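2 protein chains.
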Amino acid sequence: MITQSSYAVGVDLGGTNIKLGIVSEKGKIIKKTVVPAKAEDGPDMVIKQIIYGINILFNKNKAELAGIGIGAPGIVSNKKGTVEYPPNLPGWKKINLGSIIKKEFNTKVLVENDANAAAIGEMIFGAGKNIGSFVMITLGTGVGGAIVFNRKLFRGEHGGAGEVGHTTINYKGEKCNCGSYGCIETYAGNSYLIRRVKKDLNKFPGSLIWDLIDKNPRNLSPKIIHAAALKGDRLAASVIHNLGFHLGSALSSVSNLLNISTFIIGGGVAGFGSPLFKTIKETMTQRVLTPLRPEIKVIPAKLRNDAGIKGASSLIFYNS
Amino acid sequence: MITQSSYAVGVDLGGTNIKLGIVSEKGKIIKKTVVPAKAEDGPDMVIKQIIYGINILFNKNKAELAGIGIGAPGIVSNKKGTVEYPPNLPGWKKINLGSIIKKEFNTKVLVENDANAAAIGEMIFGAGKNIGSFVMITLGTGVGGAIVFNRKLFRGEHGGAGEVGHTTINYKGEKCNCGSYGCIETYAGNSYLIRRVKKDLNKFPGSLIWDLIDKNPRNLSPKIIHAAALKGDRLAASVIHNLGFHLGSALSSVSNLLNISTFIIGGGVAGFGSPLFKTIKETMTQRVLTPLRPEIKVIPAKLRNDAGIKGASSLIFYNS
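Here the protein sequences line up with chains A and B, keeping their order. For the first sequence, this note's numbering begins at 33 and goes up steadily by one. For the second sequence, this note's numbering begins at 33 and goes up steadily by one.
The reader is advised that the hints may include incorrect statements.
Same chains, same names: a pair is fine if it fits in one copy or spans any two.
Pairs of lysine-lysine residues, derived as BS3-like cross-links and limited to a Cα-Cα distance of at most 30 Å, are as follows [unchecked claim]: (1) LYS204 <-> LYS235; (2) LYS204 <-> LYS247; (3) LYS125 <-> LYS313; (4) LYS184 <-> LYS161; (5) LYS126 <-> LYS313; (6) LYS235 <-> LYS134; (7) LYS80 <-> LYS60; (8) LYS204 <-> LYS230; (9) LYS161 <-> LYS126; (10) LYS140 <-> LYS161.
Simulated from the structure, these hints should not be mistaken for lab results. Keep in mind it's a predicted model, so treat the numbers as computed, not measured.
Generate the whole structure from the sequences, applying the supplied hints.
Structure below.
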């Protein structure tokens with residue numbers, strides 16, 4: 033039996049699916065579901081799908097829930113509950129998702145950018161439980177980030193702070209999707225990794241990667257790079273080393289600027305594990321300002337599966 | 033006649049001189065003095081000189097002063113009042129300057145890193161008077177910085193936040209004094225500027241700079257570069273343009289990370305004026321994330337002469 037107010041709904045709004053769950057104050061998922069976002073049918077349909085998904089969870093539990101937390105892509109104003117121009121949701125301009133969902137369910141609703149929600153999730157349930165200040169990095173298609181300072185999200189002037197992915201490591205580097213040049217995202221996103229391996233693969237005819245992709249470079253994925261590295265493949269290892277070096281260089285700037293020494297790293301590519309974490313830490317320890325050097329910590333995120341649901345639900349526990 | 037508590041002493045501790053002044057709540061200097069730091073004689077002598085300088089100012093005004101603010105180089109803990117390893121003060125390890133001065137004068141004493149003091153000075157007396165959040169940059173021998181968020185200094189975990197000078201723009205760039213590579217300080221410090229002009233000067237035999245330095249590159253200084261640029265010299269103009277481009281690239285990363293859109297720029301090199309400010313702003317407007325683009329403001333610091341004294345005194349008005 034669910035006890036009063038120690039449970040919240042977490043909604044992880046993605047471009048393909050909406051993942052939803054009831055999460056306990058301790059971060060345990062009690063019940064969960066997934067519904068298709070139907071993003072191609074526009075914002076009204078996506079909102080219908082969110083409501084549909086929440087209704088599945090609410091069912092007989094409504095009275096016992098402390099609220100609904102939503103992690104959304106794009107520019108989110110956590111104060112107003114608005115979501116602007118989420119990259120994978122066509123047709124969305126500026127929608128007050130918070131007030132729409134609040135009207136529907138008449139309960140507390142909090143909306144937050146998904147990277148910020150992930151950081152709050154780590155702070156409340158995960159690797160940041162006992163850490164006052166840290167920077168959260170999510171490695172996936174892109175490089176997301178969020179700043180937690182003294183157990184509070186540092187949001188900046190309009191809630192957009194923490195864009196670690198768009199700090200440059202090479203001002204004359206490749207053009208980034210954001211319009212700038214040499215952002216760490218262009219050196220550490222999934223597509224860069226795959227492109228880099230493709231480029232070098234012919235120079236390593238003996239690489240284990242060839243077997244893992246059935247000789248077809250189209251089958252390349254971060255998982256395959258990881259699998260090859262685990263088996264001692266030199267190309268895969270060098271790619272992971274390089275990734276760590278690039279990330280370490282970017283995070284050194286971040287650490288110097290914020291005077292924050294702990295970095296929590298999550299997302300698919302973080303699965304590269306200790307070789308990646310070791311290189312990031314080594315690079316940072318060589319590059320940050322002297323007083324920070326002994327303090328640098330680079331640790332893996334704890335919320336893996338369902339990180340999105342847990343992060344979103346944590347908004348309710350964080351604010352209440 | 034000085035009225036109760038609306039005046040403070042500001043102490044600007046430098047490697048060569050200690051500048052001191054009595055400053056009004058409105059930022060007006062009522063009385064000031066300069067004493068040699070005698071840094072080569074070690075910390076005890078420097079502290080004696082600080083006390084000597086303060087005594088000159090205190091004279092008959094003691095009762096009317098709200099306290100003493102000290103801006104110091106190096107790593108400063110504003111909570112403890114300690115100054116660690118100031119680069120231009122040989123023999124200093126970790127000295128509790130705050131408690132020494134407090135014991136001597138039995139009044140409120142606040143010690144802050146000099147870049148932070150400059151930022152508070154701009155916030156209280158200068159260009160940041162009506163601005164909630166901004167990043168302060170000081171261009172001199174090095175590139176200093178400080179972060180003001182919602183009218184408070186963002187200090188980070190140990191008071192060292194705001195080191196804009198040590199954000200990298202080229203992770204494979206030149207080695208910086210800090211041990212890292214390609215920090216903006218290596219592209220925007222005085223010595224880089226002078227080196228850059230020296231390198232190119234022979235390619236510009238008609239440059240006005242030749243006259244201004246009496247044909248001797250040893251006479252080069254930022255002031256001469258500025259003077260040449262004002263007269264339309266192409267080499268000088270291109271150096272200033274490049275400086276703005278480099279700074280704009282670095283500050284774009286800073287703006288994306290902090291979601292702060294206003295940058296106040298001071299220090300000697302800021303005297304390059306509108307061509308510099310224009311290029312920084314143009315570069316940033318092209319490089320920051322889309323929502324920030326219409327918001328970017330790059331404005332000159334207002335405290336010029338006596339910025340150090342005013343910034344240090346502002347610590348008292350800021351905290352009290």
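Each hint, compared with the structure:
no., hint, result
1, LYS204 <-> LYS235, "both (27 Å within a copy, 24 Å between copies)"
2, LYS204 <-> LYS247, "neither (34 Å within a copy, 34 Å between copies)"
3, LYS125 <-> LYS313, "between (40 Å within a copy, 27 Å between copies)"
4, LYS184 <-> LYS161, "both (12 Å within a copy, 26 Å between copies)"
5, LYS126 <-> LYS313, "between (39 Å within a copy, 27 Å between copies)"
6, LYS235 <-> LYS134, "neither (57 Å within a copy, 68 Å between copies)"
7, LYS80 <-> LYS60, "within (26 Å within a copy, 62 Å between copies)"
8, LYS204 <-> LYS230, "both (23 Å within a copy, 23 Å between copies)"
9, LYS161 <-> LYS126, "neither (33 Å within a copy, 32 Å between copies)"
10, LYS140 <-> LYS161, "within (24 Å within a copy, 37 Å between copies)"
When each numbered hint is compared with the structure, violations occur for hints 2, 6, 9.
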